[in-house]
Amino acid sequence: MLGWEFPPIINGGLGVACFGITKALSNHVDISLILPKSDPNFVVQNVDTIGLNHFDIENIKVKTSEYEFLEDVNYVDSNFLPYHTLSSESLETKYESTDYTSIKSKIRSELEVFNTNDLYDGAIGERVYNFSKIATLIALNRDFDIIHAHDWMTFVAGMEIKAATGKPLVLHVHSLEADRNSPECKGWVYQIERKAMEYADVIIPVSFYTGQIIQTHYGISEDKIKPVHNGIEQVQAFRSESSLPEKVVLFLGRITVQKGPEYFFETASKVLEFMPNTRFVMAGTGNMLKGMIEMGAYKQIGNRFHFTGFLTPEKVRQLYSIADVYVMPSVSEPFGLSALEAAQFGIPVVLSKQSGVAEVLPSALKADYWDIDKMASNIISVLKYKGLRDQLVKDAYQDLAKINWDYTAQNIVNIYNHDIVKN
Amino acid sequence: MAKICLYFQLHQPYRLNEYSFFQIGKHNSYFNDEFNADILNKIAFNCYLKTNELLLKLIEKYGSKIQLNFGLSGTVISQFENYNPTVIESFNKLAKTGCVDFLSETYFHSLASLYNFDEFEFQVKKHAGKIESLFDIKPTIFRNTELIFRNDIAEKIYNLGFKAVLTEGIERKTNQNSVNQIYQTNQLLPVFLRNYNLSDDIAFRFSDPKSELFPITATKIIKKIKTNLLPAEIITIGMDYETFGEHFDDNTTIFKFLESFISTVIEDNTLQFSTFKAIDFEKNTEKPLFNSEEIISWADTEKDGSAWLGNSMQYEALSKIYELNTLIKHVKNPEIVETWRKLQISDHFYYMSTKYFSDGDVHSYFSHYKTPYDAYINYMNILSDFEILVKKELSK
Chain C
6 MLGWEFPPII NGGLGVACFG ITKALSNHVD ISLILPKSDP NFVVQNVDTI
56 GLNHFDIENI KVKTSEYEFL EDVNYVDSNF LPYHTLSSES LETKYESTDY
106 TSIKSKIRSE LEVFNTNDLY DGAIGERVYN FSKIATLIAL NRDFDIIHAH
156 DWMTFVAGME IKAATGKPLV LHVHSLEADR NSPECKGWVY QIERKAMEYA
206 DVIIPVSFYT GQIIQTHYGI SEDKIKPVHN GIEQVQAFRS ESSLPEKVVL
256 FLGRITVQKG PEYFFETASK VLEFMPNTRF VMAGTGNMLK GMIEMGAYKQ
306 IGNRFHFTGF LTPEKVRQLY SIADVYVMPS VSEPFGLSAL EAAQFGIPVV
356 LSKQSGVAEV LPSALKADYW DIDKMASNII SVLKYKGLRD QLVKDAYQDL
406 AKINWDYTAQ NIVNIYNHDI VKN
Chain G
29 MAKICLYFQL HQPYRLNEYS FFQIGKHNSY FNDEFNADIL NKIAFNCYLK
79 TNELLLKLIE KYGSKIQLNF GLSGTVISQF ENYNPTVIES FNKLAKTGCV
129 DFLSETYFHS LASLYNFDEF EFQVKKHAGK IESLFDIKPT IFRNTELIFR
179 NDIAEKIYNL GFKAVLTEGI ERKTNQNSVN QIYQTNQLLP VFLRNYNLSD
229 DIAFRFSDPK SELFPITATK IIKKIKTNLL PAEIITIGMD YETFGEHFDD
279 NTTIFKFLES FISTVIEDNT LQFSTFKAID FEKNTEKPLF NSEEIISWAD
329 TEKDGSAWLG NSMQYEALSK IYELNTLIKH VKNPEIVETW RKLQISDHFY
379 YMSTKYFSDG DVHSYFSHYK TPYDAYINYM NILSDFEILV KKELSK
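So the protein lines, in turn, are chains C and G.
Throughout the first sequence, residue numbering follows the working numbering, covering 6 to 428 in sequence.
Throughout the second sequence, residue numbering follows the working numbering, covering 29 to 424 in sequence.
One should not assume that every hint holds.
To be verified - The calculated lysine-lysine pairs, modelled on DSS-like cross-linking and capped at a C-alpha distance of 30 Å, are:
(1) G:Lys348 - G:Lys89
(2) C:Lys379 - G:Lys254
(3) G:Lys166 - G:Lys315
(4) C:Lys304 - C:Lys379
(5) G:Lys284 - C:Lys399
(6) G:Lys420 - C:Lys379
(7) C:Lys252 - G:Lys315
(8) G:Lys124 - G:Lys191
(9) G:Lys348 - C:Lys389
(10) G:Lys370 - C:Lys252
(11) G:Lys420 - G:Lys166
(12) G:Lys284 - C:Lys407
(13) G:Lys370 - C:Lys391
(14) G:Lys398 - G:Lys154
(15) C:Lys391 - G:Lys419
(16) G:Lys348 - C:Lys379
Just so you know, the hints here were simulated from the structure itself, not pulled from any lab data.
As the structure is a prediction and not an experimental result, all values here were calculated from the model.
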């Protein structure tokens with residue numbers, strides 16, 4: 006299993022999902038989980054977790070002869086890595102020495118990129134590249150049957166390992182470049198994603214919605230796309246007395262193009278025309294935050310539109326406990342775990358149709374992300390009509406009863422057993 | 029001889045326009061006339077006119093050996109009058125043969141029997157008046173919207189002077205006794221029970237390969253009657269008239285089946301078609317009691333009121349429309365009062381049912397809304413607008 010984000014080091018939904026899947030899967034299969042960065046104090050039972058931030062090459066029992074594979078890796082590297090510019094040094098020259106002490110020292114220096122607070126900073130390319138080499142090294146010293154890689158950061162490693170071992174490659178797609186940027190964006194991350202998906206044996210997107218994008222934007226055959234929905238951990242939901250007399254409409258997520266914050270803003274303006282006693286809370290941070298604040302002031306609805314910045318999970322739960330509607334107007338959302346969290350707190354959910362979570366939450370009101378009128382009308386209806394609110398909450402609990410990580414894990418095991426052609 | 033009572037139901041609602049929250053107070057039109065006309069004309073072509081023609085042909089051949097019961101809601105009749113009067117002419121021809129009877133119901137195919145007996149009585153009388161004026165037949169047998177029945181409603185029907193009532197043959201209400209006999213209510217009002225198992229063989233399972241009778245033929249249905257049901261007093265086979273040509277199209281041989289079924293029954297010397305009203309109720313005075321404190325109906329597998337009163341959206345919407353009665357009583361404008369009644373059509377609430385929704389099972393064959401929530405929001409927006417309209421009218 007190749008992961009990137011993992012608790013307690015979490016940026017978004019990827020770490021949460023990766024943890025949920027790994028933990029539930031460990032009841033069915035033996036897992037070695039390789040991460041760029043892990044916290045040794047965070048232990049998942051039955052999972053052999055290897056974090057490269059504290060990985061010591063000496064701890065791995067390698068016969069000297071086994072380093073020979075590195076030649077193969079070099080060969081594969083040149084095929085897969087589309088961003089040679091990352092290193093002026095040719096891969097071929099890197100390990101050509103037979104002096105294994107110097108190889109080890111080289112690896113040690115490569116491991117340094119994982120001692121970072123931000124796995125996604127400017128050095129991400131180098132990090133992805135080093136991760137793939139070292140993960141391959143580790144993989145070659147283990148006995149395993151399947152490579153399971155989560156998102157593009159680990160896809161290169163997945164390909165390398167498949168090339169070096171011939172083991173089947175399963176790609177788990179939590180998010181795509183086509184979601185994060187515009188679908189037209191065909192940069193190097195897109196290239197990695199596409200190449201990896203072409204090379205993979207099975208692709209597991211977190212929704213049919215994402216499966217569809219993989220077909221249309223990446224040209225991958227439907228046959229190897231096997232969507233499996235995410236699960237969710239049970240939480241102790243609670244309601245708190247709100248200090249605000251007005252109804253609270255909540256947006257929660259990164260404030261980036263993908264999450265549709267400007268649509269939330271337009272929707273809020275529309276709702277406020279008809280229901281002035283409403284407050285809109287935009288929780289989270291991101292590169293569009295500043296623009297959003299300025300727009301609020303410009304449109305003179307700043308007094309009804311609030312920004313919280315980044316929130317701890319505890320604060321997020323507090324916000325859920327006072328919110329009256331949860332809105333997720335994402336332009337393209339592969340899944341959207343936060344919508345399920347909101348539903349757990351008994352908040353009616355209004356979603357964009359361009360979201361995977363809509364597939365498991367029939368009880369959410371839906372509109373196209375650009376359809377401001379429909380989105381606003383959905384919010385107003387929830388606030389205004391009690392019968393609807395009660396019903397949505399009740400139905401959402403029924404939907405939630407069918408969603409858990411064990412179910413997700415079972416579906417993945419079925420794919421392992423039935424959809425992977427064993428070599 | 030066992031009596032076979034064939035009963036066909038016709039109903040079309042006035043479907044609503046898409047009405048957004050932002051239109052509340054603007055009093056745009058509520059009913060989607062164009063859509064309603066399209067649907068009505070399509071079904072008239074596929075089913076009503078074709079099936080009527082077939083029945084007329086058979087009546088010409090067999091005469092009064094054919095006896096049929098029809099239930100036409102007031103809202104389907106008024107749509108025939110507006111969009112396709114030839115259907116009325118065609119029913120008139122059937123009425124003139126003397127071989128068909130028309131049953132009573134609420135004009136607006138409403139749930140008034142559950143909310144307001146005065147309103148219920150008004151709608152029943154309006155419907156009876158309409159049937160009599162069109163077909164010169166006074167309805168004497170009552171069937172409520174979707175065969176809804178409850179003891180208090182039965183009492184009301186009795187007080188309105190009906191000769192008998194028709195409802196669903198639910199075994200839990202007959203103590204597992206045969207539904208193929210006449211029962212009676214506490215007031216000794218005769219009760220006819222629809223044999224849903226037999227009816228659904230045709231209406232639901234006609235082209236279902238999993239049906240034990242598939243492919244369904246008249247011979248098989250009659251064999252089933254003779255083997256499993258006889259001896260019996262009366263066997264009621266009732267279904268939507270749209271079964272013929274609409275739910276099952278021409279290619280499924282449904283028309284051939286109907287023709288063959290009618291001919292085979294007539295040629296059989298143990299079975300005989302009858303209208304409900306021609307049954308001699310007095311022949312057997314010791315009828316078993318049929319009563320139900322809870323709502324029963326022919327809807328869904330539950331056969332109770334949950335198709336319209338199954339969730340909080342439906343409860344709210346229904347109580348709101350009937351609460352308006354206190355204002356409507358004072359409204360003189362007949363158009364507004366008529367609109368109030370059209371908003372009572374049971375279909376509006378049926379579309380809000382969430383029963384099978386989350387299972388992905390589309391309960392929505394009969395719904396043009398994407399989700400029950402959409403149906404509710406749309407209805408409530410219209411109702412909110414209507415309430416403003418009524419208040420404006422009263423303040424004039």
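How the hints compare with the structure:
no.: 1; hint: G:Lys348 - G:Lys89; verdict: 52 Å, violated
no.: 2; hint: C:Lys379 - G:Lys254; verdict: 57 Å, violated
no.: 3; hint: G:Lys166 - G:Lys315; verdict: 26 Å, holds
no.: 4; hint: C:Lys304 - C:Lys379; verdict: 21 Å, holds
no.: 5; hint: G:Lys284 - C:Lys399; verdict: 47 Å, violated
no.: 6; hint: G:Lys420 - C:Lys379; verdict: 28 Å, holds
no.: 7; hint: C:Lys252 - G:Lys315; verdict: 60 Å, violated
no.: 8; hint: G:Lys124 - G:Lys191; verdict: 22 Å, holds
no.: 9; hint: G:Lys348 - C:Lys389; verdict: 14 Å, holds
no.: 10; hint: G:Lys370 - C:Lys252; verdict: 34 Å, violated
no.: 11; hint: G:Lys420 - G:Lys166; verdict: 39 Å, violated
no.: 12; hint: G:Lys284 - C:Lys407; verdict: 46 Å, violated
no.: 13; hint: G:Lys370 - C:Lys391; verdict: 24 Å, holds
no.: 14; hint: G:Lys398 - G:Lys154; verdict: 34 Å, violated
no.: 15; hint: C:Lys391 - G:Lys419; verdict: 22 Å, holds
no.: 16; hint: G:Lys348 - C:Lys379; verdict: 24 Å, holds
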